[in-house]
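S.K.: Now for the letters of each chain:
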Amino acid sequence: MAGKTQGGFIMANGIFDTQRSTSSQRGRPCGAASAGGTGQNLRWIPIALGAAAIVAGLGGRKKGAGALMVAAIAGAGAVGALRVQSARGTASGQPEVERSITIGKTADELRRYWLDPGTLPQVMAGFASVHATDDGRMHWKLEGPLGRACEWDTETVDRADEGIGWRALSDGAIANEGWIRFHPAPAGRGTVVTLRFHFNPTGGALGDWILELLGAAPLRVIADGALRRFKNLVETGEIPTTVRQPAARADTH
Amino acid sequence: MRALYWNGVNDLRVGTVKDPEIVNPHDAILRVSLSTTCGSDLHFIDGYIPTMQAGDVIGHEFMGVIEEVGPAVKRVAKGDRVVVPSFIVCGQCWYCQQSLYSLCDNTHPKPELQEPMLGGYPTAGIYGYTHAFGGYAGAHAQYVRVPFADNDCFKVPDGVEDETALFLSDAAPTGYMGADFCNIRPGDTVAVWGCGGVGLMAQQSARLMGAERVIAIDRFPERLQMAREHAGAETIDYTQVDSVLDALKEMTGGRGPDACIDAVGMEAHGTGPQYAYDRVKQALRLETDRGQALREAIMACRKGGTLSVLGVYGLIDKFPMGAIMNKGMTVRSAQQHGQAYMDRLLAHAQRGELNPAYLATHRFSLEDGPRGYDMFKHKKDGCVRAVFAP
Ligand SMILES: [Zn+2]
Ligand SMILES: [Zn+2]
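Sequence lines, in order, name chains A and B.
Counted from 1, the first sequence has number 222 at position 222 by this note's numbering; the numbering is strictly sequential.
Take any residue in the second sequence, count from 1 to its spot, add 1000: that is its number in this note's numbering.
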């Protein structure tokens, strides 16, 4: 598959189109500051507000609610967004989400793509930087506001008909679990792919901070983005991007 | 390279930007030969569509010569003279397989900006047309990056001039699709609101598809003249009749047009030199003039007829749904599925049956781009389309 050769193409993609810090220390405790991340996540908020303005412009009398909803979905209000998400989560308020997309490939093909170690780093590129480690695990790094970052490792759990799951190893400060399942769509229209994400942060101040960090990127948006990038990649061999394109702006010269 | 960019509401500039580069494996870099203005550009120039960013290179109708291709490009090569439809399509997804190209699932890099407008289902990406439509750099420049070049670059046959091929990028396929939606049968009368590039192309296409009569509706004498001359249309100057509805009913023996095409959209009738005055007038038109052509087309259409909507709309109020329902009308609409029509359009152009080059009423160097848009927007000197050569 094309994935391995294209890792560099898609790192700055989607709404999280920010130059995240490239510091790659493993095991840095969650919440430790790193240089370079400050304020980066705020860069897409004006875009989110632009989307809100579209809704406001089109939404007639409901404009207030529509704009607020989009701002919340896009994460302009970090904590507020998390509360919306939590309402759909578990009873204890742990954030989780389940989203689906239909992809024009067979379940077997999709299973093979997903298990390719080159796939997850590209698919999750809008949310966290992920890379395969020598021991067959995945290392995740999530950059938050004010340069704080969180890192953890996951192992892949292939449950055959149950789909493919992953879960965080116990020594991480964040318990991240998820699975992806494949069901045939009607009349040969490909495969319905369902992705489930679940975060169970540790308690106390650290847990609150992680909830806040996740709130800045609501799980629904993360899951939709991951599924869309997976579809883009397997259907076409690439992920659409506007990275490195010309514009009369200082940051593109 | 040099490029025309949006610097703010009603503020276009030409400046030096970096050259585009191959980013994805199916990309090509095109050296632009010609590009042209489009009425839909006026929406974001005037500030009606948000999600523009200062510095965005604009322009979505263009043709040129391939300069470089990515490693996965197979069907086109350096040196090919090609025309590129405005929507970027992957050619692989379910929508592309159904020839619903502007609905492609795989070419919008920022769908979350557009989904709220469209119920959660984004369109394909477009060149130089706001970040809600993908945020791709546009083609009013010396070079442009074309993703999925194998699906989106169409070789122009010898004998078809650059200026003809240019309009096969958007105006011609949009108009052609609008006529195709009408399912024209012998004896049919097709009425077309608007004699801009798209309207004129819709009129000519309706003729090519066998319409017995085409009736064109506009207010600019030079455009109505083009409709008569190039599309063999009968014309109605709506400022000169009491009722377009009555005129159409009388012209069709009391029966009404079999199909009505709205090629007006939001960009209609930009007038007024003062910026503030302009904004106020245009804002008012959101609720009045802008819906007028569409409502009129619905009311004028015969029972069981077809309404084909090519004009670009956001929301419209006072929409006569009762007329659509009780008259048993069919409504068709889309952004252009250009890739579906390109082979037919190139063949028409090669045989001389469709020559849209006459739309290029005014030519400018790219450096004069802002002046070109000003003439186009205000329809100065009978400007139908301003064409730029880098
Ligand atoms: Zn156009
Ligand atoms: Zn497609």
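Be a bit skeptical, because a hint or two may be false.
[As the list claims (entries may be wrong)] As a list, the in silico SDA-like pairs of lysine to any residue whose alpha-carbon atoms are at most 20 Å apart:
hint: 1; chain 1: A; residue 1: K105; chain 2: B; residue 2: A1077
hint: 2; chain 1: A; residue 1: K105; chain 2: A; residue 2: R167
hint: 3; chain 1: A; residue 1: K105; chain 2: B; residue 2: Q1092
hint: 4; chain 1: B; residue 1: K1155; chain 2: B; residue 2: L1245
hint: 5; chain 1: A; residue 1: K105; chain 2: B; residue 2: L1103
hint: 6; chain 1: A; residue 1: K105; chain 2: B; residue 2: Q1097
hint: 7; chain 1: B; residue 1: K1018; chain 2: A; residue 2: E235
hint: 8; chain 1: B; residue 1: K1018; chain 2: A; residue 2: A250
hint: 9; chain 1: A; residue 1: K105; chain 2: B; residue 2: G1322
hint: 10; chain 1: B; residue 1: K1155; chain 2: B; residue 2: W1094
hint: 11; chain 1: A; residue 1: K105; chain 2: B; residue 2: Y1095
hint: 12; chain 1: B; residue 1: K1018; chain 2: A; residue 2: T242
hint: 13; chain 1: A; residue 1: K105; chain 2: B; residue 2: W1094
hint: 14; chain 1: B; residue 1: K1018; chain 2: A; residue 2: K105
hint: 15; chain 1: B; residue 1: K1074; chain 2: A; residue 2: E235
hint: 16; chain 1: B; residue 1: K1018; chain 2: A; residue 2: Q245
hint: 17; chain 1: B; residue 1: K1303; chain 2: B; residue 2: L1315
hint: 18; chain 1: B; residue 1: K1074; chain 2: A; residue 2: V192
hint: 19; chain 1: A; residue 1: K105; chain 2: B; residue 2: D1080
hint: 20; chain 1: B; residue 1: K1018; chain 2: A; residue 2: R137
Derived from the structure by calculation, the hints contain no laboratory data.
Remember, it's a predicted structure, so these values are computed and weren't measured experimentally.
S.K.: If a hint holds in the structure, say so; if it does not, say that too.
M.R.: Each hint tested on the structure:
Restraint check for K105/A and A1077/B: the C-alpha separation of about 29 Å exceeds 20 Å, so the hint is violated. For the suggested pair K105/A and R167/A, the alpha carbons sit about 26 Å apart, so the restraint of at most 20 Å is broken. This hinted pair checks out: K105/A and Q1092/B have alpha carbons roughly 11 Å apart, not beyond 20 Å. Note on K1155/B and L1245/B: the hinted pairing is violated, with a Cα-Cα distance of about 43 Å set against a maximum of 20 Å.
Between the alpha carbons of K105/A and L1103/B the distance comes to roughly 19 Å, so the proposed pair stays at or under 20 Å and holds. About 13 Å separates the Cα atoms of K105/A and Q1097/B, which keeps this hinted pair within 20 Å; it holds. A hinted pair counts as satisfied when its Cα atoms are at most 20 Å apart, and K1018/B with E235/A does not qualify at roughly 31 Å. Annotation: proposed proximity of K1018/B to A250/A holds, straight-line Cα distance about 11 Å (limit 20 Å).
With a C-alpha separation of about 43 Å, the suggested pair K105/A and G1322/B falls outside the 20 Å cut-off, and the hint is violated. A distance of roughly 25 Å separates the Cα atoms of K1155/B and W1094/B; the hinted pair therefore is violated under the 20 Å criterion. Restraint check: the Cα-Cα separation between K105/A and Y1095/B comes to about 14 Å, which is no more than 20 Å; the hinted pair holds. A threshold of 20 Å between alpha carbons decides the hint, and for K1018/B with T242/A the separation of about 14 Å falls inside it, so the pair holds.
Straight-line distance between C-alpha atoms of K105/A and W1094/B comes to about 11 Å, which keeps the hinted pair within the 20 Å bound. A C-alpha spacing of about 38 Å is found between K1018/B and K105/A, which places the hinted pair above 20 Å, so the restraint is violated. Restraint check for K1074/B and E235/A: satisfied, since their Cα atoms lie roughly 17 Å apart, inside the 20 Å limit. A threshold of 20 Å between alpha carbons decides the hint, and for K1018/B with Q245/A the separation of about 8 Å falls inside it, so the pair holds.
For the proposed pair K1303/B and L1315/B, the alpha carbon gap of about 25 Å is over 20 Å, so the pair is violated. Under the criterion of a C-alpha separation no larger than 20 Å, the hint pairing K1074/B with V192/A is inconsistent with the structure, at around 31 Å. For the suggested pair K105/A and D1080/B, the alpha carbons sit about 33 Å apart, so the restraint of at most 20 Å is broken. Between K1018/B and R137/A the CA atoms are separated by roughly 40 Å; this puts the pair beyond 20 Å, and the hint is violated.
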